[in-house]
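What follows is the residue order along each chain.
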Amino acid sequence: MHELKVNGKVQEIDADPGTPLLWVIREQLGLTGTKFGCGIARCGACTVHVDGEPVRSCSFTVAAASGKEITTIEGLSPDRSHPLQQAWIAEQVPQCGYCQSGMLMTAAALLKARPAPTDEEIDFAMTNLCRCGTYARVRKAIKRASGTTAT
Amino acid sequence: MLFADAYRAPVSPEGLTRRTFLRSTALVGGGLLLGYAPSAEDATLAGAAGASPAPGEFPLTAWVRVTPDNLVTLVVSQAEIGQGISTTLPAILADELGADWETVRLETAPFAPAYRNPTKNWMFTGNSESIQAFSDLMRQMGAAVREMLVHAAAARWGVPAESCRAERSQVFHSSSGRRATFGEVAAEASRLPVPSSPRLKSPDELTLVGKALPRIDIPEKVDGSAKFGIDMRLPGMLIAAVRTAPTLAGRLRGVERAPALGQPGVRAVVPLDNGVAVVADTYWQARMALSRLEPDFDPGPDAGLSSRELSATYRRALEAGPWATPLNEGSLGPTPDPAARTVSAEYENPFLAHATMEPMNCTVSVTSDHCEVWAPTQGQELAFHTLKRVLGLRDDQVQVNRTPYIGGGFGRRLLPDFVVQAALISKAVGRPVKAIWAREEDMRRDKFRPATLVRLAAEVDGEGVPIALFARVVSPTILLPVFPALEPLMKEKGIDPSALEGAVESIYDIPRRRVDFHLLKIPVPTSVMRTTGYGPNIFAIESFVDELAQSAKADPYEYRRRLLSKNPRALAVLEKAVRLADWGKPLPAGRGRGVAVARAFGTFVAQVVEVAVDGADVRVLRVVSVVDCGRVLDPGIATANIECGVVFGLSYCKSEVTFERGGVVQGNFDGYELPYLAESPELVTEFVSGGGDLGGIGETSPVTVAPALANAISSATGRRLRSMPLARHGLRFGVVRPPRGKGYA
Amino acid sequence: MRLKLSTGPWAAVLGGSVLIGPLLLQIGSEPGPALAAPADARDAGLRAFDQVALVLRHPRCLNCHTTTNFPGQGDDRHPHVNLVRRGLDDRGVPGMRCATCHQSEENLASGVPGRPNWRLAPLSMGWEGLSDSELCRAFKDQRRNGGRSPEALAEHLRSDALVSYGWNPGGSRTPVPVPREEVARLMDVWVHAGAPCPR
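Chains as they are written, first to last, in the numbering used here: chain A, 23 to 173; chain B, -10 to 734; chain C, 2 to 200.
Read the hints as simulated data drawn from the structure, not as lab findings.
Watch out, some of these pointers could steer you wrong.
DEER-style ranges, computed between Cβ atoms [claimed, not checked]:
no. : chain 1 : residue 1 : chain 2 : residue 2 : range
1   : B       : E308      : C       : V82       : 53 to 59 Å
2   : B       : P260      : C       : H79       : 39 to 45 Å
3   : B       : P575      : C       : G130      : 36 to 42 Å
4   : B       : A716      : C       : S132      : 31 to 37 Å
5   : B       : P235      : C       : H79       : 25 to 31 Å
6   : B       : E335      : A       : G40       : 48 to 54 Å
7   : B       : P208      : C       : V82       : 29 to 35 Å
8   : B       : A716      : C       : E135      : 21 to 27 Å
C-beta atoms are modelled at their ideal positions from N, C-alpha and C, and glycine is treated no differently.
All chains, full assembly: derive it from the sequences and hints.
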């Protein structure tokens, strides 16, 4: 039995200790906002926060998650009010949308550490893959959310 | 457009095809339903969201419902794969109707004949033609319902209908101030005849079309609530993990099930023709148990297939044919006149993987007499017919629902293979099953964008201007897997209509042109992928035009201008693109600009790519795109499609699929890399209106990226790339802005 | 610390296992004349360091002991995928930390290697492109190597959890070809010889 706090709520999870946190979130907890894209930590679609830090949950076991605080895309805000979510809507970022949960969670981690990120900081933080190619709008939305025009 | 010519459905003598069969009915509890009443043959097809028909009536397949609570519900027939179609088509209807866009509800359509593409008589989403095919129907339906509602309100008030207007889901009688909601008059409206030629609004009456509307799907895509196929949940559902043979043609000889069966959560091990599935309570349980199995695979024919062997096959075909000759303007012989001055070159396009970010998956519930599917599919009708055949069911026993959102399509999801596989697994276990493919499975069981080999040769005059152009195209099929009905035509003519796109037609004024085509048979499964035949052919053509310009010692832009004197729309996009790109302004050493212009999917596009090449690093600094698609119905969505398409086009220059020992080498994003945000260029995008018919924009901008990039690299380095991806030439994309900061540089 | 001297007069004199540590603690970066090791012990130390250098230069070590602001990856030492960068604390940049993917043990699901405190070695401990002499001096320089004495360096190689990765990297990564116990032994020879560096 693993005990983790997910989006502020303590959850008891019965799963093999090696189960990726990604699948626990999606199936045992029914939080399907976090996505499966590759399973080898290359695409970032599975990005969540663990104790406030960005983690690719396909590469993080439920055992390692025990006792930690997990935040998923559903926990970013109760009502799309996070500045990044607002910016993502204002800039009309998503195309198919499948990568965007992970993209937003990575961006949220970036903004926490760097409230006014430069282009360079955005370049090397946002390595999440987007098959549809929405990158220019991702960049624009991050800057909008951070209220910056820094380059 | 070639494909359309090859596959245009016969238009009924009534002219507006089946739109004259729009009917309305009253909904139980009040309200109006506008739908399409199928012909007698189609009436047997159920599985539609519709009202109960009155006795003696055929069931209506709903497109529009207006309920007493004043909710307008529109059905979305086309798959939302990221292109924004689920906003624009309903907006066209809602605009004509005068519905309150903020409160309009949308529903996805199951397969039903009513939802077929009117020009192809087939339900699918692809070929960048949803707007072209459906916009008239949307307008007709919106206008028809508007007139019915207005007439009903006017009748109630005893005033002329012309004195009333519909706006924001209400009918207003201006002079008296009377108003009624759509919901209040819907029941009465439903008893009126559906007007066969309702008045369509003039452009200045429209409040939605032509504007950049906030897309209806985006809010759900920023908070994790958007439901994709992989997110499907059904009571009693089990999950299947699947593994198929390592070789393309491998079959399952047998598998010892015991290692999986005892594992936690595992319910069944299901052998498949070419693999095995493990069914469990959760995906991870299924996947872990699957990895304990050691299936015995028969490698099948072509077990030694390799990229080298495939190259040799293409080469042999290019040298020996045989050829179909779909075009010969000027009665040209097979090769240029040996006495003429000739320029020739060969171009190669690689095999590409769709690599949708959401891997293939499908949820199916099969019982002895029913099959219901929830699929992230672009090809509902093909899935429907295939399931019927495979499961031996009747039309009314199969329902193919489409999940609201799909994590990328690019043509992959037109195919029914992943749907049928899930259905067979469900049938075997007698429970609803969601089958999820691992990324490795998705990549190796793709049906790839086919590789092509193209030889171009031109006879040129004294100024290097082409007077005769010879094209030899070797390509496997693109269309056959998604439109099996084409097989007789393809066999008879020896062509694939899509594989000829961009080769048979030309924007340039070249007096004599010949195209020879060899439909190559190879053991690699190939199918449609975004840009279809245009991508590979335009790579060859637009690279070649640059080489002709070089040979004539002419500027690539000026050279093209001469050849476009009779094509004002192509000239207009080209001129604007080069202007926006500062063409001709001197660049520092190591930098270059490349241009490409094309007509694809009914739309003209010109791009200028600017690169900086530093050793092996190619930094794509800027891409200017100018597009003439006739009319822009939603500038926000149109711009997004073009700009995101540029990055997608760059992905065609970054990775390829290769083969070894009968199977696919690449299995994940480690072997098949996608562009990073840091590698993506500054984008400048503009639209011009050439006043022509509506053209498609879903696949258009990736078409010109590869040749414009090759042309830019040639300009920067003098080195001509006649194939992609960059890695074939020892090059790679570099981070556009080389890092400088501490900890980065 | 058990120190086995397998060759040379020291073995004959001291016989088998002996604790040399306390003696060597008085030695600075090079043995002073009063405690200068006999020539063949010094030779043994130099030869031992040659072997240790193979380890230090092996991709499993060099990929993190880089002089660049990105890790190496793989036996071919290509720049680490996903545009990974060192950052200000050797643990990645905001949004893309080492711990975003690497956990305290190898993740069998994803194949991503892991050890506690996964990070780059500081730039001062970067060994790329150094000659044997430069490598040895950098290795020993307490101003650059985190204040580690030669004994502490030996301990680092012998028992550090992150360093253990080199010998059990998982996946298809080539492990350090010299077994860890042998490296420990070589380090002891080197330390005992006064941690000599080639000229």
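If I claimed the Cβ atoms of B/E308 and C/V82 lie 53 to 59 Å apart, would that claim hold in this structure? 40 Å, violated
B/P208 paired with C/V82, Cβ distance criterion 29 to 35 Å: 33 Å, holds
Does the hinted range 48 to 54 Å hold for B/E335 and A/G40 at CB? Roughly 51 Å apart at Cβ, these two residues keep to the hinted range, so it holds.
Can the suggested window of 31 to 37 Å be confirmed for the beta-carbon pair B/A716 and C/S132? Cβ of B/A716 to Cβ of C/S132: about 33 Å, so the range 31 to 37 Å holds.
Does the Cβ distance between B/P260 and C/H79 fall inside 39 to 45 Å? Roughly 40 Å apart at Cβ, these two residues keep to the hinted range, so it holds.
Assuming the hint says 25 to 31 Å, is it satisfied by the Cβ distance from B/P235 to C/H79 or not? 26 Å, holds
Should the hint that B/P575 and C/G130 are 36 to 42 Å apart at their CB atoms be regarded as holding? Since the Cβ atoms of B/P575 and C/G130 sit about 38 Å apart, the hinted range of 36 to 42 Å holds.
Range first: 21 to 27 Å. Now tell me if the beta carbons of B/A716 and C/E135 are that far apart. Cβ of B/A716 to Cβ of C/E135: about 34 Å, so the range 21 to 27 Å is violated.
Going through the hint list in order, the structure does not satisfy hints 1, 8.
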